[in-house]
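Participant: Just need the whole structure built from these sequences, with the hints factored in.
Spelled out from the first residue to the last, the chains are:
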Amino acid sequence: MTPEVLTLSQTPWLFTGVMLVKIIVAFVATLLIVAYATYAERKIIGRMQTRMGPNMTGPKGLLQPIADGLKLFFKEDIIPSQAHWFAFILAPMMILAPAFISISVIPFGGDLQFTYDGTLYAVPMQITDLNIGVLFVVAMAGLGVYGIVLAGLASNSKYALLGGIRSTAQMISYELAVGLAIVAIFMLSETLSLRGIVAVQQLPLWGLESLSFIPNWYIFCQPLAFGLFVVGSMAEINRTPFDLPEAETELVSGFCTEYSAMKYALFFMAEYANMITVSAIATTLFLGGWGGPFYGWINFLIKVFGFMFFFIWIRATFPRLRYDQLMFLGWKIMLPLALVNIVITGIAILLW
Amino acid sequence: MAANTSETMTINMGPQHPSTHGVLQLILELDGEIVQKATPHIGFLHRGIEKLSEHRTYHQIIPLTDRLDYLAPMSNNLGYVLAVEKLLGITDEIPERVQRIRVIMAELTRLKSHLVWLACHALDIGAMTVFLYCFRERECITDIYEKVSGARMTSNYFRVGGLADDLPDGLEGEIRTFAESIPAHVEEYEGLLTGNKIWQKRTIGVGKISAEAAVDIGITGPALRASGVDWDLRRDNPYSGYEDYDFEVPVRQGCDTFDRYRVRLDEMRQSARIVLQALDKLKPGPILADCPKIVLPPKQEVVSNIESLIHHFKIVTEGFHPEPGEIYQSVEAPKGELGFYLISDGSAHPFRMKIRPPSFVNLQGLPQMVEGKLLADVIAVIGTLDIVLGEIDR
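Chains A and B, in that order, give the protein sequences.
First residue of the first sequence? That's 1 in the working numbering, and the numbers climb one at a time after it.
First residue of the second sequence? That's 1 in the working numbering, and the numbers climb one at a time after it.
One should not assume that every hint holds.
Here are the computed lysine-lysine pairs in the DSS-like style, where the Cα-Cα straight-line distance is at most 30 Å [as the list claims (entries may be wrong)]:
1) K332(A) <-> K208(B)
2) K293(B) <-> K147(B)
3) K71(A) <-> K158(A)
4) K86(B) <-> K314(B)
5) K37(B) <-> K373(B)
6) K147(B) <-> K332(A)
7) K201(B) <-> K158(A)
8) K293(B) <-> K158(A)
9) K332(A) <-> K373(B)
In short, the hints are calculated from the structure, not lab data.
Facilitator: Below, the structure is given as structure tokens:
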């Protein structure tokens, strides 16, 4: 019996119910990962830096993220008298929302099958499968910039302004390189749906049956695009070595200098949510999504955590780039490389 | 573009700022992120140490000197103590063991200061792991400090004519183990930074100052040697028996932040060498000069010998009286030439004490190193100058 796909027109109540469950599960899981990513980062960096990390709150410090959250929640919420209050309040939301929205198009597993009322249904483990999923992700990443710019401008503080300007320039220039790196992917996959891209990657490498033990992950045929994507996304999510907008030793705290309490926590959450989103996208586009030796979403999470570990590791190792060097890297090295990659991919597709 | 930028932004960097190394205030005029003009404002940590000294006996001034460059207290102690000994004319009477221990402590202090410098400099540029690695080693030195003087930062260990106390048992071995481990640790820092492309990009060619300009301003220490001027007081004007040791003075020609970094790392290796040599030459002996009118007698003698009791009473109640005169004595502190200029009018406290702090003079180089450069370079330059506000403001 072939499973039926749930649709809104055929089974409206069941569809809505399943959808709600998926949204809640994905959202809560992301929030939990955000909370414990801060803990993991502190523990991992602590280990790398020969210190302990949090270890007092709860067993092995496991309650630390919750304690931090509670503390920030009860802090006084200061809005500077000279700040533009509406934009000042809006900014943290504008940075957090896009980070979470991107999660909605990412497939985190294969189909889940269940029987209801005698019919076998298949539910894709993905909130929604947009046919322009990749574009949606890129667009949401672009929206995140507004939050930072707005925070920088609304604070009416010079350090925040400098941070805001830095991040605008940085995110716009790196988005180009990242976008162009992704172009090479959907030239190969011939679909913009993230689910479609993952499905293509489950085939054997280069369509050769003799290589069937290696999956057709795009990291193998697009290593350059992968490198560009990872470096570019590190810049987009403002992490070391590209953490110039909030370079604390230069700009105090950059765009969030004036923020306190829960609004500051929102920026903090957005940073980690972005890290998760970027890791998830990289997993989907280059590492075969949920494909792998274990059960669907477990593979997916392992790959995402691997990426996050990599980002944390980089943070413990590298110094920070300078503004002009960052621009140089973005425009004069990464952008041409991405363009060259597209041309080469195009030629390769034509020839084979 | 330049024609459109008629307005500049003035930004107050400090005194509350994470990377102005204390309470330095910089008034920066920025065109975008380019620094048009940088004006250092100092004085937020002024405690009037020079003036205070005029009302204290010579011995009572030693604890004040701890608080000059609080990252290198023993070097300050050494500079001051040598100056007073020169004023009293007892320089030749200092026992050999005292000289050796002073050198060991001064070089450990150099290591301590350079470790903090490297930690903060790397953190300023964004490499935060180096910070904790450096503090791990610095902790060993603070432990050694605690064992010899009882204090971890403000040591107050040297005395006019000798030392407060002898080294405790077993400490020599501990110092030796530590000094032997230094080259490996320096390798570790170099492994994280020297070959790192981002580190190189952030430091090579940043904060350039030519040898002539450096000499004109009076820059001393590693900053001068990285500009190609081969000048080190330990070798060129030896004190405390530095002429007995075999060490190199690292000199580089780059004039930039990267070469200042490498000069300091090389100095750390040389300091470890000097410490080991001094430990080899260390022999048992007295730790105070035989000058009863200047040096406090041992407690045992105070209670058993009437003359010692009188000396003790006189020194504690009124101090000692150097002949009228004036002297200048300088030492190679970790940050450069630390000089003490003392004028005595024959009373028990100095008529005037002028300190020449290396950080104060080196800071004069900052405006010309950063003007026309980017904001991020200001941070790198503050770090590379290795300033300590306790010493600048006094």
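Participant: Mind listing which of the numbered hints don't hold for this structure, in increasing order?
Facilitator: Numbers 6, 8 - these are the hints that the structure violates, sorted from lowest upward.
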